[in-house]
Amino acid sequence: GAGVSQSPSNKVTEKGKDVELRCDPISGHTALYWYRQSLGQGLEFLIYFQGNSAPDKSGLPSDRFSAERTGGSVSTLTIQRTQQEDSAVYLCASSPPGADTQYFGPGTRLTVL
Amino acid sequence: QKEVEQNSGPLSVPEGAIASLNCTYSDRGSQSFFWYRQYSGKSPELIMSIYSNGDKEDGRFTAQLNKASQYVSLLIRDSQPSDSATYLCAALGVSGYALNFGKGTSLLVTP
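Chains as they are written, first to last, in this note's numbering: chain A, 154 to 266; chain B, 119 to 229.
Hints may contain errors.
Stated by the list, open to error - Some but not every residue of chain A turned toward chain B, in silico, with C-beta under 8 Å:
| # | residue |
| --- | --- |
| 1 | 201 |
| 2 | 204 |
| 3 | 212 |
| 4 | 214 |
| 5 | 218 |
| 6 | 244 |
| 7 | 249 |
| 8 | 253 |
| 9 | 256 |
| 10 | 257 |
| 11 | 258 |
| 12 | 260 |
| 13 | 264 |
Because the hints were derived from the structure by calculation, they are not lab data. We put the beta carbon where it would ideally sit given N, CA and C, even for glycine.
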């Protein structure tokens, strides 16, 4: 079946602009996660959604970052007033109900000039 | 800070040999552990999960867990050049959903 999909695959933006990154989880998966992978760094947890419950936003690095998940499916990660240090690959993952295994999408490579 | 530590490598092994990848973790509350493979420019791909002390085998891969020593390893038997990638170790934190990742070990399998 189809895996996690993310768009765009690449995004180049200017410092100070806002960007939106989209994630479409595997069909039937109730849990959705966002991670960030910066050059030379490990994956960093950002936010977690589970069904209709309130998300865990504890990993978001600043209030410029926000995320929403509509209808328990597609999620959008928004970064306002982008900074150069936001340049990274943003990865989305999803898990099926009752399981803790996380399946990653292809990622969005964000470059802030 | 809950940390997962891996040797960055590169670990170089000849084709057909056994590659041994190691990982330690600091959070004693972690109960679930995962190995992901990441090819250059690609996203992490799940290889194996392990939850209990001991060995878990899946094809050419064997994961080993020792909770007392807070140590996880991955053995790859009959290594192939296509196994050349970065291997990420991850531990599920006490939250039950946020994965703590190591920075990965780069494996190079030479023909």
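Structure-based check of all given hints:
1. 201: Holds: closest Cβ of chain B sits about 5 Å from residue 201 of chain A, inside 8 Å.
2. 204: 12 Å, violated
3. 212: For residue 212 of chain A, the interface hint holds, since the closest Cβ of chain B sits about 7 Å away, which is under 8 Å.
4. 214: 14 Å, violated
5. 218: Constraint on residue 218 of chain A not satisfied, violated at 15 Å.
6. 244: 6 Å, holds
7. 249: Not OK, violated: residue 249 of chain A not within 8 Å of chain B, min 12 Å.
8. 253: 5 Å, holds
9. 256: Residue 256 of chain A check passes; min Cβ-Cβ to chain B is 6 Å, inside 8 Å.
10. 257: Nearest chain B Cβ about 4 Å off; hint holds.
11. 258: 6 Å, holds
12. 260: 5 Å, holds
13. 264: 14 Å, violated
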